[in-house]
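Novice: Using the sequences plus the hints, can you model the full thing?
Going line by line, the protein sequences match chains A and B. Each residue of the first sequence is one higher than the one before, starting from 1 at the first, in the UniProt record's numbering. Each residue of the second sequence is one higher than the one before, starting from 1 at the first, in the UniProt record's numbering.
In short, the hints are calculated from the structure, not lab data. Careful: at least some of the hints might be erroneous.
Unchecked claim - Every beta carbon over 10 Å from chain B, so not counted as near; a handful from chain A, in silico:
| no. | residue |
| --- | --- |
| 1 | Gly78 |
| 2 | Asp113 |
| 3 | Ile151 |
| 4 | Pro181 |
| 5 | Ile183 |
| 6 | Asp202 |
To be verified - The list that follows gives simulated cross-link-like pairs (lysine to aspartate or glutamate, EDC-like), each with its CA atoms no further than 16 Å apart:
| no. | chain 1 | residue 1 | chain 2 | residue 2 |
| --- | --- | --- | --- | --- |
| 7 | A | Lys187 | B | Glu154 |
| 8 | A | Lys185 | B | Glu203 |
| 9 | A | Lys20 | B | Glu195 |
Think of the CB as a built atom: it goes at the ideal place given N, C-alpha and C, for glycine as much as any other residue.
Here are the chains, one letter per residue:
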Amino acid sequence: YIVTIRVKPDHSGVVTDGVKHSMNPFCEIAVEEAVKLKEKKFIKEVVAVSCGPTQVTETIRTALAMGCDRGIHVEVSGKDYEAMGPLQIAKIFAALAKKEEASLVILGKQAIDDDCNQTGQMTAALLDWPQGTFASEVTIDGEKVKVVREIDGGLETIKISMPAVLTADLRLNTPRYATLPNIMKAKKKKIANMKPADLGVDMVSRVEVLRVDEPPTRLAGVKVETVDDLVAKLKANGTI
Amino acid sequence: TVCTVPSALTGSALFFAAQRCIRALKTVQAEHAPPQHYTWRRNCSSAVMPRITSHYTIFPRDKDPRWEGVEMERFADEADVVIVGGGPAGLSAAIRLKQLAKEQEKELRVCLVEKASQIGAHTLSGACLEPSALNELFPDWKERGAPLNTPVTEDLFSILTEKYRIPVPMLPGLPMNNHGNYIVRLGHFVHWLGEQAEELGVEIYPGYAAAEVLFHEDGSVKGIATNDVGIAKDGSPKDVFERGMELHAKVTLFGEGCHGHLAKQLYRQFNLRENCEPQTYAIGLKELWVIDEKKWRPGRVEHSVGWPLNRNTYGGSFLYHLNEGEPLVALGFVVGLDYTNPYLSPFREFQRWKHHPFVAKTLEGGDRIAYGARALNEGGYQCLPKVTFPGGMLIGCSPGFMNVPKIKGTHTAMKSGMLAAEAIFPKVTAEDPASETAGLHIPEYEDNLKKSWIWKELYAVRNIRPSFHNYFGLYGGMVYTGVFYWILRGKEPWTLKHAGLDSAQLKPAKECTPIEYPKPDGKLSFDLLSSVALSGTNHEGDQPPHLTLKDDSIPVANNLAIYDGPEQRFCPAGVYEYVPLETGEGMRLQINAQNCVHCKTCDIKDPSQNINWVVPEGSGGPAYNGL
Numbered sequence: 001y002i003v004t005i006r007v008k009p010d011h012s013g014v015v016t017d018g019v020k021h022s023m024n025p026f027c028e029i030a031v032e033e034a035v036k037l038k039e040k041k042f043i044k045e046v047v048a049v050s051c052g053p054t055q056v057t058e059t060i061r062t063a064l065a066m067g068c069d070r071g072i073h074v075e076v077s078g079k080d081y082e083a084m085g086p087l088q089i090a091k092i093f094a095a096l097a098k099k100e101e102a103s104l105v106i107l108g109k110q111a112i113d114d115d116c117n118q119t120g121q122m123t124a125a126l127l128d129w130p131q132g133t134f135a136s137e138v139t140i141d142g143e144k145v146k147v148v149r150e151i152d153g154g155l156e157t158i159k160i161s162m163p164a165v166l167t168a169d170l171r172l173n174t175p176r177y178a179t180l181p182n183i184m185k186a187k188k189k190k191i192a193n194m195k196p197a198d199l200g201v202d203m204v205s206r207v208e209v210l211r212v213d214e215p216p217t218r219l220a221g222v223k224v225e226t227v228d229d230l231v232a233k234l235k236a237n238g239t240i
Numbered sequence: 001t002v003c004t005v006p007s008a009l010t011g012s013a014l015f016f017a018a019q020r021c022i023r024a025l026k027t028v029q030a031e032h033a034p035p036q037h038y039t040w041r042r043n044c045s046s047a048v049m050p051r052i053t054s055h056y057t058i059f060p061r062d063k064d065p066r067w068e069g070v071e072m073e074r075f076a077d078e079a080d081v082v083i084v085g086g087g088p089a090g091l092s093a094a095i096r097l098k099q100l101a102k103e104q105e106k107e108l109r110v111c112l113v114e115k116a117s118q119i120g121a122h123t124l125s126g127a128c129l130e131p132s133a134l135n136e137l138f139p140d141w142k143e144r145g146a147p148l149n150t151p152v153t154e155d156l157f158s159i160l161t162e163k164y165r166i167p168v169p170m171l172p173g174l175p176m177n178n179h180g181n182y183i184v185r186l187g188h189f190v191h192w193l194g195e196q197a198e199e200l201g202v203e204i205y206p207g208y209a210a211a212e213v214l215f216h217e218d219g220s221v222k223g224i225a226t227n228d229v230g231i232a233k234d235g236s237p238k239d240v241f242e243r244g245m246e247l248h249a250k251v252t253l254f255g256e257g258c259h260g261h262l263a264k265q266l267y268r269q270f271n272l273r274e275n276c277e278p279q280t281y282a283i284g285l286k287e288l289w290v291i292d293e294k295k296w297r298p299g300r301v302e303h304s305v306g307w308p309l310n311r312n313t314y315g316g317s318f319l320y321h322l323n324e325g326e327p328l329v330a331l332g333f334v335v336g337l338d339y340t341n342p343y344l345s346p347f348r349e350f351q352r353w354k355h356h357p358f359v360a361k362t363l364e365g366g367d368r369i370a371y372g373a374r375a376l377n378e379g380g381y382q383c384l385p386k387v388t389f390p391g392g393m394l395i396g397c398s399p400g401f402m403n404v405p406k407i408k409g410t411h412t413a414m415k416s417g418m419l420a421a422e423a424i425f426p427k428v429t430a431e432d433p434a435s436e437t438a439g440l441h442i443p444e445y446e447d448n449l450k451k452s453w454i455w456k457e458l459y460a461v462r463n464i465r466p467s468f469h470n471y472f473g474l475y476g477g478m479v480y481t482g483v484f485y486w487i488l489r490g491k492e493p494w495t496l497k498h499a500g501l502d503s504a505q506l507k508p509a510k511e512c513t514p515i516e517y518p519k520p521d522g523k524l525s526f527d528l529l530s531s532v533a534l535s536g537t538n539h540e541g542d543q544p545p546h547l548t549l550k551d552d553s554i555p556v557a558n559n560l561a562i563y564d565g566p567e568q569r570f571c572p573a574g575v576y577e578y579v580p581l582e583t584g585e586g587m588r589l590q591i592n593a594q595n596c597v598h599c600k601t602c603d604i605k606d607p608s609q610n611i612n613w614v615v616p617e618g619s620g621g622p623a624y625n626g627l
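Specialist: Structural data, given as structure tokens:
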């Protein structure tokens with residue numbers, strides 16, 4: 001995930017051409033959890049979904065190599081892709097969850113490029129399903145799911161009924177490596193292709209990015225010899 | 001006898017059971033756990049030295065009790081041709097094979113493995129591309145969108161002194177003349193080649209490194225195995241441990257680039273270097289800068305020699321103005337690795353060079369956006385090994401087809417890949433390969449090379465680099481080039497020799513003077529760690545360091561004691577550090593393997609030849625974007 005980020009010369013965003021894109025680490029944990037649930041026979045089929053341009057199929061293949069059964073690529077490119085945010089994705093996921101009659105929608109808690117932490121929650125709201133977010137432990141118990149959530153104060157355990165939306169936090173599991181034989185086998189698994197319009201989703205964004213800037217370079221600190229100097233300097237720059 | 005893991009899946013169950021029994025007995029008999037600590041009482045330290053190396057190539061796993069009972073079988077798959085390395089040579093070979101298959105309507109499975117996370121991420125070069133090989137491979141490269149956007153318009157050569165610049169005329173016929181060439185971002189070009197290869201049906205697997213060469217019973221090469229994953233830093237298996245995969249092929253092509261680690265093994269195995277000189281190298285460091293538009297001259301190529309290097313240290317600089325939309329320049333510095341002063345730091349020479357008035361005026365007001373480094377070949381004709389062996393062949397910069405005075409190796413690397421493909425194709429598609437060995441031996445590749453323009457080119461320039469080994473150093477070499485190359489085109493009947501192994505050239509530290517380098521100013525020159533951060537390099541932290549030492553005690557006893565630890569200075573990524581011991585007196589070597597940019601300089605220049613670079617978990621390493 002180490003990438004050198006550069007702001008585009010026109011300040012409209014960040015340079016993404018030629019930069020290696022990979023699966024969001026929290027999504028890797030979500031895929032791993034889904035595959036684990038299938039291995040424990042709680043669920044029958046795992047479908048990996050991603051929204052974006054053609055390159056996104058590579059990431060779906062990695063998910064297939066980790067153990068998902070089939071993939072769905074929702075094609076979004078160009079201006080629509082640049083403007084795509086959590087609300088649009090949540091609408092797509094909600095439509096797909098209904099279409100596929102899913103019992104669980106598992107996502108990473110947030111994407112590490114925008115740190116929004118909104119998609120899972122919005123998806124649950126649009127579907128009117130219960131949500132178990134920041135999950136660090138998931139246990140299926142009949143028609144209910146017990147979720148241990150990581151919250152500021154510690155750990156909260158809740159029981160929600162299925163169908164539900166879960167978002168994965170760091171300590172949920174350690175994702176397996178996608179080994180080469182599995183990547184080769186994944187080439188034979190199906191990835192369906194569709195557009196947001198096929199799901200009845202409009203991609204219009206209510207958010208407009210005005211400008212992107214690099215964070216200001218950190219200035220060197222100033223050392224002072226005595227407390228009086230410190231007070232004088234603080235008065236001089238208007239702090240006190 | 002060593003308990004070897006059977007590499008084929010055809011072993012019988014009985015065999016496995018017997019293996020397990022023998023292994024169990026051996027571990028019961030002797031305590032073979034690799035020692036965690038050993039005491040070392042010698043001049044440099046009187047305390048306990050912590051263990052550095054834990055890699056299984058130094059401490060085999062079949063003797064290691066922590067690996068008892070771990071499933072070591074590998075999944076195997078068959079292809080017609082397997083190619084190691086997704087650089088210009090490997091991709092050209094793959095493309096040529098598929099082009100021939102399409103022409104002659106034959107089926108051919110070609111698999112290519114590459115250790116970088118995406119094709120082009122570990123590629124670094126100047127680069128001024130001579131389109132000769134590309135014109136042969138894809139005559140319609142322009143229509144296909146090859147990223148050759150900057151034809152060379154101006155060509156400057158200078159000899160620098162500390163403050164001034166002596167221009168040298170670039171007469172046509174001199175090897176450095178660049179008329180007709182293109183300035184490219186080789187990483188982007190290689191990425192484009194990768195896309196062309198995938199369109200033709202080549203199976204490309206980035207993120208998987210070839211870690212081991214596999215052999216048939218008769219000694220010929222059977223294929224390669226990719227790296228294992230999930231081994232902890234101390235060498236023990238983690239929960240996510242997964243064995244690599246075996247790819248078997250009729251022929252395996254090794255295109256690992258300069259000083260490949262599998263090639264190093266193959267040279268020994270098949271004695272490929274018995275009739276050639278040891279390869280000599282240089283290190284190239286490069287940066288990309290966005291400069292002030294007013295200073296931008298797209299298509300301009302600048303080379304220099306001289307300051308800051310003295311006349312006896314081979315090296316020089318390059319600065320190319322790209323024409324890709326924004327005012328981008330690619331600049332860098334090359335230092336021959338046969339330098340003698342252990343206090344020399346190629347990185348700091350590079351940073352120092354940027355302060356020369358002629359260079360600084362281009363860079364002032366600009367921003368540095370990328371950094372990287374890689375070793376390159378300087379040996380040329382005299383150092384070409386045998387390139388074919390039963391079951392495989394070497395292509396590209398691995399055997400080393402770089403034309404040193406031209407400082408171009410991409411066109412020859414691509415051509416060598418294409419020639420290999422053309423020699424292989426009839427053999428792998430034949431009904432009956434009529435081969436003596438299970439892996440095909442195809443000496444026709446070497447014959448093709450000798451008849452091609454690669455050979456003529458390398459022969460003509462063979463004496464230029466070795467001509468620097470004279471009292472006048474750089475100036476003697478330039479005079480030699482002027483007389484014998486420009487006028488006589490390399491037709492002189494003699495062939496000069498190189499000085500020998502680069503690692504043997506260092507003089508002991510006490511015979512040399514430390515070099516006073518200026519502090520980086522943060523505007524033109526920078527410190528090492530912020531440069532490494534720009535390379536985007538990263539590795540999974542919890543894995544054995546891939547810079548393995550054959551003997552953990554030698555760095556302090558030899559490298560530090562006699563040469564004052566030159567690896568601290570020649571590594572362009574700050575991997576090697578001598579730090580004081582926590583208890584007691586003395587120093588120890590700390591290896592920051594995560595910083596490694598896979599340049600291979602340490603494996604080349606280590607005076608004790610104790611460092612053996614092996615491949616880390618796939619996807620690790622730099623994340624160059626169009627470097």
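Novice: Determine for every hint whether it applies to the structure shown.
Specialist: Going down the list of hints, with the structure as the test:
no.	hint	result
1	Gly78	18 Å, holds
2	Asp113	15 Å, holds
3	Ile151	27 Å, holds
4	Pro181	4 Å, violated
5	Ile183	7 Å, violated
6	Asp202	33 Å, holds
7	A:Lys187 / B:Glu154	48 Å, violated
8	A:Lys185 / B:Glu203	13 Å, holds
9	A:Lys20 / B:Glu195	15 Å, holds
Hints 4, 5 and 7, counting from the list given before, are not met by this structure.
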